[in-house]
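Chains as they are written, first to last, in our numbering: chain F, 167 to 402; chain E, 24 to 344; chain Z, 16 to 394.
Among the hints, erroneous ones may be present.
Unchecked claim - EDC-like mimics (lysine to aspartate or glutamate), calculated; alpha carbons at most 16 Å apart, straight line: (1) F/321 to F/238; (2) F/321 to F/170; (3) E/212 to F/230; (4) E/236 to F/238; (5) F/384 to F/190; (6) F/321 to F/230.
Hints in this document: simulated from the structure, not taken from any laboratory.
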Amino acid sequence: MLLEVKDIVLNYGKIEALHGLSLEVGEGEVVSLIGANGAGKTSTMRAISGVRGVSSGQISFNGENVTNLRADQRMRKGLVLAPEGRGVFPGMTVVENLEMGAYTRRDRAAILSDFERVFELFPRLSERKKQVAGTMSGGEQQMLSIGRALMSRPKLLLLDEPSMGLAPMLIQQIFSIIREIAQQGTTILVVEQNAKQALTLADRAYVLETGNIVKTGKGSDLLTDTSIREAYLGVA
Amino acid sequence: MDFTNLIEGLAGFTVDGLTKGSIYALVALGYTLVYGVLRLINFAHSEVFMVGAWTVLGVYTAVGAHSGVGVWLAIGITLLAGLVAALVSAGTALVVERVAYRPLRNKNAPPLIVLITAIGCSLVLVEIFGHALRVFFGAPFGRSAVNIPTVVPTREVFTIGNFNMSNIDLIVILAAVGMMVALDLFVNKSRLGRGVRAVAQDPDTASLMGVNKNNVIMLVFIIGGVAAGLAALLHTMKYDFAKFDMGFLIGIKAFTAAVLGGIGNLRGALVGGLLLGVCEVYSSALISSNWEDVTAFVILVVVLMFRPTGILGESLGKARA
Amino acid sequence: MTDTTPQKSVLKRVAAVPSLLGGAPQWVKVPLILLVLSFCVYLPFLNILPFAYIRTDLRPNGSDWSTVLFTIALYMIVAVGLNVVIGWAGLLDLGYVGFYAVGAYSIALFGSPASPVTKAIAAQFGLPEGWSMAFAACIPLAICIALIAGVILGAPTLRLRGDYLAIVTMGFGEIIRIVMRNSTWTGGPAGIIAVPEPPAADEDFFNTIDVHRWYWLALAVLVILIWLMRRLEHSRVGRAWLAIREDEDAAAVMGVNAFKYKLWAFAIGASLGAIAGLLFASKQAYVEPNGFQLNLSFLFVAMVVIGGSGNIWGALFGAFLITYLPERFREFESWRPLAFGVALVAIMVLRPQGLFPNRRRARELEDRKHEAEEAAADA
Numbered sequence: 167m168l169l170e171v172k173d174i175v176l177n178y179g180k181i182e183a184l185h186g187l188s189l190e191v192g193e194g195e196v197v198s199l200i201g202a203n204g205a206g207k208t209s210t211m212r213a214i215s216g217v218r219g220v221s222s223g224q225i226s227f228n229g230e231n232v233t234n235l236r237a238d239q240r241m242r243k244g245l246v247l248a249p250e251g252r253g254v255f256p257g258m259t260v261v262e263n264l265e266m267g268a269y270t271r272r273d274r275a276a277i278l279s280d281f282e283r284v285f286e287l288f289p290r291l292s293e294r295k296k297q298v299a300g301t302m303s304g305g306e307q308q309m310l311s312i313g314r315a316l317m318s319r320p321k322l323l324l325l326d327e328p329s330m331g332l333a334p335m336l337i338q339q340i341f342s343i344i345r346e347i348a349q350q351g352t353t354i355l356v357v358e359q360n361a362k363q364a365l366t367l368a369d370r371a372y373v374l375e376t377g378n379i380v381k382t383g384k385g386s387d388l389l390t391d392t393s394i395r396e397a398y399l400g401v402a
Numbered sequence: 024m025d026f027t028n029l030i031e032g033l034a035g036f037t038v039d040g041l042t043k044g045s046i047y048a049l050v051a052l053g054y055t056l057v058y059g060v061l062r063l064i065n066f067a068h069s070e071v072f073m074v075g076a077w078t079v080l081g082v083y084t085a086v087g088a089h090s091g092v093g094v095w096l097a098i099g100i101t102l103l104a105g106l107v108a109a110l111v112s113a114g115t116a117l118v119v120e121r122v123a124y125r126p127l128r129n130k131n132a133p134p135l136i137v138l139i140t141a142i143g144c145s146l147v148l149v150e151i152f153g154h155a156l157r158v159f160f161g162a163p164f165g166r167s168a169v170n171i172p173t174v175v176p177t178r179e180v181f182t183i184g185n186f187n188m189s190n191i192d193l194i195v196i197l198a199a200v201g202m203m204v205a206l207d208l209f210v211n212k213s214r215l216g217r218g219v220r221a222v223a224q225d226p227d228t229a230s231l232m233g234v235n236k237n238n239v240i241m242l243v244f245i246i247g248g249v250a251a252g253l254a255a256l257l258h259t260m261k262y263d264f265a266k267f268d269m270g271f272l273i274g275i276k277a278f279t280a281a282v283l284g285g286i287g288n289l290r291g292a293l294v295g296g297l298l299l300g301v302c303e304v305y306s307s308a309l310i311s312s313n314w315e316d317v318t319a320f321v322i323l324v325v326v327l328m329f330r331p332t333g334i335l336g337e338s339l340g341k342a343r344a
Numbered sequence: 016m017t018d019t020t021p022q023k024s025v026l027k028r029v030a031a032v033p034s035l036l037g038g039a040p041q042w043v044k045v046p047l048i049l050l051v052l053s054f055c056v057y058l059p060f061l062n063i064l065p066f067a068y069i070r071t072d073l074r075p076n077g078s079d080w081s082t083v084l085f086t087i088a089l090y091m092i093v094a095v096g097l098n099v100v101i102g103w104a105g106l107l108d109l110g111y112v113g114f115y116a117v118g119a120y121s122i123a124l125f126g127s128p129a130s131p132v133t134k135a136i137a138a139q140f141g142l143p144e145g146w147s148m149a150f151a152a153c154i155p156l157a158i159c160i161a162l163i164a165g166v167i168l169g170a171p172t173l174r175l176r177g178d179y180l181a182i183v184t185m186g187f188g189e190i191i192r193i194v195m196r197n198s199t200w201t202g203g204p205a206g207i208i209a210v211p212e213p214p215a216a217d218e219d220f221f222n223t224i225d226v227h228r229w230y231w232l233a234l235a236v237l238v239i240l241i242w243l244m245r246r247l248e249h250s251r252v253g254r255a256w257l258a259i260r261e262d263e264d265a266a267a268v269m270g271v272n273a274f275k276y277k278l279w280a281f282a283i284g285a286s287l288g289a290i291a292g293l294l295f296a297s298k299q300a301y302v303e304p305n306g307f308q309l310n311l312s313f314l315f316v317a318m319v320v321i322g323g324s325g326n327i328w329g330a331l332f333g334a335f336l337i338t339y340l341p342e343r344f345r346e347f348e349s350w351r352p353l354a355f356g357v358a359l360v361a362i363m364v365l366r367p368q369g370l371f372p373n374r375r376r377a378r379e380l381e382d383r384k385h386e387a388e389e390a391a392a393d394a
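Isolated chain F, as found in the complex (with noise of 0.2 Å):
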């Protein structure tokens, strides 16, 4: 397994935010962890990249106890995260938000081949190199943090709601890329309130509530599975 999590516990002051929470990633996987607002989903997500410490509980990845490190430890070791909603530098341009992805690289020649392939994922984000990322639109944003991410070489991409705040197309056009990052071979494990796009993503699935994993297995089933239906997709 490239990341295990077991049980862990995270609190915010005197609330308890993760009721002992367990999920794996396997390498080569996409995983996804959709659940309703406040079921946890951003927490989960800040305990696994280390911007919050957990209470108990371990994290693993590649074999290694990740538990104890903080986030910018855990990065180096290739478990990067693209925060949700507008997580770039709001002052800092296109390419110098990329460049902020790349931060722990020193491999010029590789970073550049990099920041081809972005540009080639993103071809908007081609067109605003110069632009401040502050000024440009919520997909636009969202783009720029998925591109960030992939900039370090990530042996997991951790994605936090990828899609929200945006229209109905812009969502479908952002799991498109998502798809076509997986396929170039990058593990992901996105978590999502938009359960459709998430579960066709995904190899396997997570189901969260309230802070606790309620169901799992192959997004193809919990697709088709009734009671996800009723709650998370909106069919009768």
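Got chain F sorted already, so can you dock chains E and Z onto it with the hints?
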């Protein structure tokens, strides 16, 4: 209001103001960088500058510098003093960060507590040079000002009309501006500089990019300390003294300069510093030097009241054109 | 929090005394308060060993005990006033010495026959040589001037962020001092002499030898002000301050005009500072600009913060510590500022809530960490 006095000596007053302002600008860098990254007014920064001035004195004493040394030796000694002062000042700034600010940051203490701690640090540093060191080592430490030997004697470089440009003024202004340009390039163009801007804009996301926040914070204190140490060297070249409480007024004025230009903004520190220096000299030419210090305070109060974001606007991230 | 260390639990017990008293029945409370008060009144004559060891004049060159007591009471007034601004309204005022100076100079300028102001007024209206305003008239005047100064400073600046406010007030304190030093109307660097003493039946009641009488006066003023401020704390205004401090936006939604109440706090704090300054000038009989250096502002802030801001008793204790300790241990006088600085940093880093925090205030501090995290969770 003595306008004829001001007009007649305008060129001289302006250069005088620019010289003063250059030193303010270098000290203001430390305030602006730390504020940009931590949203903290580093009250102890003025003392980092003071420590630099004492270090310059220490180096001069150690090598037995005096005004009679040859040109090349004088340049060598000055550069050495600047280097050591920059290192010692940076070290002082780092110690303050590690001993006082980091523990409070880990506790998420409110700004009021951090500010009072900063005042405490400032007091401790002042008293170390104003008292403690005197008890252990005697003079020159203590409460009185100490003369610092002149290594580079003042000379006229060129003359325009009734105005003489001195080599010291020229060195101070050029060195300060050069340093500011170098730093601006560093922050806007280099990889580490991008890291600093990233932490200033969004610390959590910066750590997701692999930026070690504490390293960036230390870097910022080091840069501020280096600038303050060099400012101290330039100050001793122009005003040749060290005193335990010399940091206070310069610190307040440098902070004013930082706010005036837009705190958190590197170019703002330069603009604010130069502007404040010139305003001060003009006002003392117009009224009297007794009121010089009030000028800085009045400017500070007025700017904060009417344009708290300063001339060029806040934010380290948006320091670009 | 589980504090098992004996030192901390002692602190906690002592800190709990005032609130214990608050719950005690009237017949316990009243005699106890009277007992404490009479002890305070008796203090200047304290001569019974071993208690007399607290006196500062036991060794040669020791400070006069009554003078020390007077200064303690005086700074306690300052601490009570500044506690309103910092502790209750949550505004960091680094220029409080400015208001202290305003009070001192008010009585000097209008009450002293030697001041340029009284001389000018006398000449303008043909009053006899040596005319000056009566002491009693100077009190409301000083308070009014301080209130006006507080509003003039507060109105434009109270909307600023906390740390900016601190710097602006500091600038204000310095401006006042420099103006007093440079202006001929305020006597310049030399200051003003012949500041009047309070009126008394016996004309020589307040003299330079029987300093304990000055102490009693300051004590009386202090007690009255504590009583007033306690009333204020539990009034509508006090609750508004609490609401603003805890969450300004929420308070605004509930219809609390934060700006108005901040201005109130500023003005009340200013007038208390002025009262202390007035007493100081009167006791000293002269004022000079150098008596109002910025360091004094830091000292005042330290009193409130070390004691535990938001708690009157904490502020009083802080004022006591900072005034008394240096006088008692005079032989280390030259080390005083350094020790003060080290103590300030150590207390803030190790115990940011102060020695005797207002319990609400301490909880706020404790909550801050959680709040920050919860805000992050919501994002």
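Consistency of the hints with the structure:
no., hint, in the structure
1, F/321 to F/238, "holds, 15 Å"
2, F/321 to F/170, "holds, 14 Å"
3, E/212 to F/230, "violated, 36 Å"
4, E/236 to F/238, "holds, 8 Å"
5, F/384 to F/190, "holds, 13 Å"
6, F/321 to F/230, "holds, 14 Å"
Hint compliance for this structure: hint 3 alone is broken.
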